[in-house]
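**Q** Protein chains in written order, with UniProt numbering: chain A, 1 to 433; chain B, 1 to 255.
Derived from the structure by calculation, the hints contain no laboratory data.
Ideal Cβ placement from N, Cα and C applies to all residues, glycine included.
Don't take each hint at face value.
Unchecked claim - Restricting the straight-line Cα-Cα distance to at most 30 Å, the calculated cross-link-like pairs of lysine-lysine (DSSO-like) are:
id: 1; chain 1: A; residue 1: Lys326; chain 2: B; residue 2: Lys138
id: 2; chain 1: B; residue 1: Lys68; chain 2: A; residue 2: Lys259
id: 3; chain 1: A; residue 1: Lys353; chain 2: B; residue 2: Lys124
id: 4; chain 1: B; residue 1: Lys83; chain 2: A; residue 2: Lys259
id: 5; chain 1: A; residue 1: Lys329; chain 2: B; residue 2: Lys87
id: 6; chain 1: B; residue 1: Lys136; chain 2: A; residue 2: Lys326
id: 7; chain 1: B; residue 1: Lys83; chain 2: A; residue 2: Lys329
id: 8; chain 1: B; residue 1: Lys120; chain 2: A; residue 2: Lys177
id: 9; chain 1: B; residue 1: Lys138; chain 2: A; residue 2: Lys329
id: 10; chain 1: A; residue 1: Lys329; chain 2: B; residue 2: Lys136
id: 11; chain 1: A; residue 1: Lys259; chain 2: B; residue 2: Lys87
id: 12; chain 1: A; residue 1: Lys329; chain 2: A; residue 2: Lys353
id: 13; chain 1: B; residue 1: Lys68; chain 2: A; residue 2: Lys326
id: 14; chain 1: A; residue 1: Lys177; chain 2: B; residue 2: Lys87
id: 15; chain 1: B; residue 1: Lys186; chain 2: A; residue 2: Lys137
id: 16; chain 1: B; residue 1: Lys87; chain 2: A; residue 2: Lys326
id: 17; chain 1: A; residue 1: Lys368; chain 2: B; residue 2: Lys186
id: 18; chain 1: A; residue 1: Lys329; chain 2: B; residue 2: Lys120
id: 19; chain 1: B; residue 1: Lys124; chain 2: A; residue 2: Lys137
id: 20; chain 1: A; residue 1: Lys326; chain 2: B; residue 2: Lys145
Stated by the list, open to error - From the derived model, a few chain B residues whose C-beta atoms are all more than 12 Å from chain A:
id: 21; residue: Gly50
id: 22; residue: Glu125
id: 23; residue: Glu183
id: 24; residue: Glu187
id: 25; residue: Leu189
id: 26; residue: Asp190
id: 27; residue: Met209
id: 28; residue: Gln226
id: 29; residue: Asn231
id: 30; residue: Gln251
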Amino acid sequence: MSENNNKPAVAFVRDTPIPASAPPSNAAGPIRWVQDNLFSSWGNAFLTIVSLYVVYVVLSSVLPWMLGGVWNTSSLAECRDVLNGRSAACFSVLSERWNQLMFGFIYPSEFYWRPTLAFFLMLIAAAPVLFFDLPRKMLIFTGLFPFIAFWLIWGGTILSPLLALVGCLLGYMAYSKLVTRTFAAGFFGGIAVATLVWWIGGLLIPENASENAMLPAVASRDLGGFMLNMMLGVTCVSLSVPLGIALALGRQSDLPVVKGICVIFIEFIRGVPLITLLFVASVMLAYLFPPDATVDLFLRVVIMITMFSAAYIAEVIRGGLAALPKGQKEAADSLGLDYAQAIRLIILPQALKISIPGIVNVAVGLFKDTTLVSVISMFDVVGMIRGPLLASTEWNGVYWELFLFAAILFFIVCYSISQYSQWLERRLATDHR
Amino acid sequence: MAETARLQVSDEVAISITNMNKWYGAFHVLRDIDLTVYRGERIVICGPSGSGKSTLIRCINALEEHQKGRIIVDGTELSSDLKNIDKIRSEVGMCFQHFNLFPHLTILENCTLAPIWVRKIPQKEAQETAMHFLEKVKIPDQADKYPGQLSGGQQQRVAIARSLCMRPRVMLFDEPTSALDPEMIKEVLDTMIELAEEGMTMLCVTHEMGFARQVANRVIFMDAGQIVEQNEPEEFFNNPQSERTQLFLSQILGH
Chain A
1 MSENNNKPAV AFVRDTPIPA SAPPSNAAGP IRWVQDNLFS SWGNAFLTIV SLYVVYVVLS
61 SVLPWMLGGV WNTSSLAECR DVLNGRSAAC FSVLSERWNQ LMFGFIYPSE FYWRPTLAFF
121 LMLIAAAPVL FFDLPRKMLI FTGLFPFIAF WLIWGGTILS PLLALVGCLL GYMAYSKLVT
181 RTFAAGFFGG IAVATLVWWI GGLLIPENAS ENAMLPAVAS RDLGGFMLNM MLGVTCVSLS
241 VPLGIALALG RQSDLPVVKG ICVIFIEFIR GVPLITLLFV ASVMLAYLFP PDATVDLFLR
301 VVIMITMFSA AYIAEVIRGG LAALPKGQKE AADSLGLDYA QAIRLIILPQ ALKISIPGIV
361 NVAVGLFKDT TLVSVISMFD VVGMIRGPLL ASTEWNGVYW ELFLFAAILF FIVCYSISQY
421 SQWLERRLAT DHR
Chain B
1 MAETARLQVS DEVAISITNM NKWYGAFHVL RDIDLTVYRG ERIVICGPSG SGKSTLIRCI
61 NALEEHQKGR IIVDGTELSS DLKNIDKIRS EVGMCFQHFN LFPHLTILEN CTLAPIWVRK
121 IPQKEAQETA MHFLEKVKIP DQADKYPGQL SGGQQQRVAI ARSLCMRPRV MLFDEPTSAL
181 DPEMIKEVLD TMIELAEEGM TMLCVTHEMG FARQVANRVI FMDAGQIVEQ NEPEEFFNNP
241 QSERTQLFLS QILGH
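This is chain A alone, in the form it adopts within the complex (with noise of 0.2 Å):
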């Protein structure tokens, strides 16, 4: 620019160098907020002052209908004598067949402590499983609680669960001094000897042996309200996470055969509605099984729901498979770690977290879905609603309520998941983009 000048003005050195500093502090505060947020400009501040109406309107009268509410009456012709013509909500419905809702109409009374029991135990079983900064040992009880659940709620002879539980055991024994030969073997052979067990069992535990149990047995047709939907939703998720992987790895396998039942299954499931395959579950299973076994209704349905949800989270890890770099599979080969090592201690941490959004969003999908056993005339808290409560002389007519305490109930269940899953992606984020 000034070559020919003494002074060349491009050139510089800088001698100092400058300090960091603070940013620069905008005019902060309550009003500038509601000025910059609400009323930025004429159109602005007309939408706000709009929708703060509309806002007014609707808690205007919800809210009186809300706490104005009445809860200790015992029908809902009394209800309405006591609104007088108010109008308010009658809850009382609610306080008064709570167990029903909560416990179905048939199961004892005089157990409903079992399985609030279950309940309780499963967040302590849950809770190595989802914070995994808790002592690891607390996974023995993890391990225990489904057979310890097993025989709270059901009830009957201790030695059914003893018996699948020492299957279970014996099974995975059989795993682990096979799986040194090949997977193959110890899978079908952990697989083989736990059916072999439950087998012998079953013949060895005599005929009556339920009868003067400790805990008097309960049948499956007695489970019902939002109970029956915590076991499903509870039980569903549990069990198609991991058949959800074990999908999603076979369908990226080298085998033809492993690779085609994968994607035959999970194309199959995922084209067919789960309305469907609970119906199978209800009327059609019971054709497959040989006419003299009869297989709970319960484990039907949880077959069924498992297999459904199985099908969609293994098409979600597989996105979280395909998301993983080439190299990552090949570093970990590179350094001698065999198939199993690398997807479990490279692959699969890493594909399972990016699929967290997914997975908690077939998991929160399964457990609403659960309601629709009522269709098949199972009383889960939606089928006690419409079956037994809206039929019952007392409480003929009481929609809003009850349908609000069930969308509330689902509400806390799923807002609870959701916010589990967003603290474990913060939780494991370590790659820092």
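With chain A's structure known, arrange chain B on it following the hints.
**A** Using the frame of chain A, we list chain B on its own:
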């Protein structure tokens, strides 16, 4: 440098590749590769992109499968037997262009993972070894950070340390500096030079010709899936024989 380096080269064969061929579908990527690497050799492989140099060294630890010919690493022949492949891979370290550190593990965990799971070394001992090699690549203070918090050069040095923790007998480098800023290339090359001086057997695909001159005892030039020329670095750079090599060298050294 080159003089002492040549003296160290032994008669012991580390890798022997005979008549190796590889196809991607119908595309013939590697053609009749014959290569014997002696223990302690430092070989630089160069060539235009698509010439098959990366594929060649990826065949040595079976990241790529070869369809014809034999590859013998440390007396073990590469076959489709998985146990066999895992054994060879645990003896052969590899560094990648994009480092491929495990982002969900800390630097220390990256280094101890394979020794613990493959070599079954106790965690404590593995951590000591890892710290030893992290000191060697001059980043022991980053041990508890995650790869995403490190610069590219630091990540590549961690990747080298991670391979060294397996105490490999051969190291493969697949364009280790190609994804780095010029400032960081030097720190990685310095680490590699140090490794070479300690007598590690190295095969290095790189475009760093200065590194080749300084460290290599043999330079291999590949084009169209074939080894076109190989020679000592002095001869290779000053007196290239084939026309293709001359053209390549004039292009990469010409500016």
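**Q** Under the constraints set out in the numbered hints, which ones does this structure not fulfil?
**A** 15, 17
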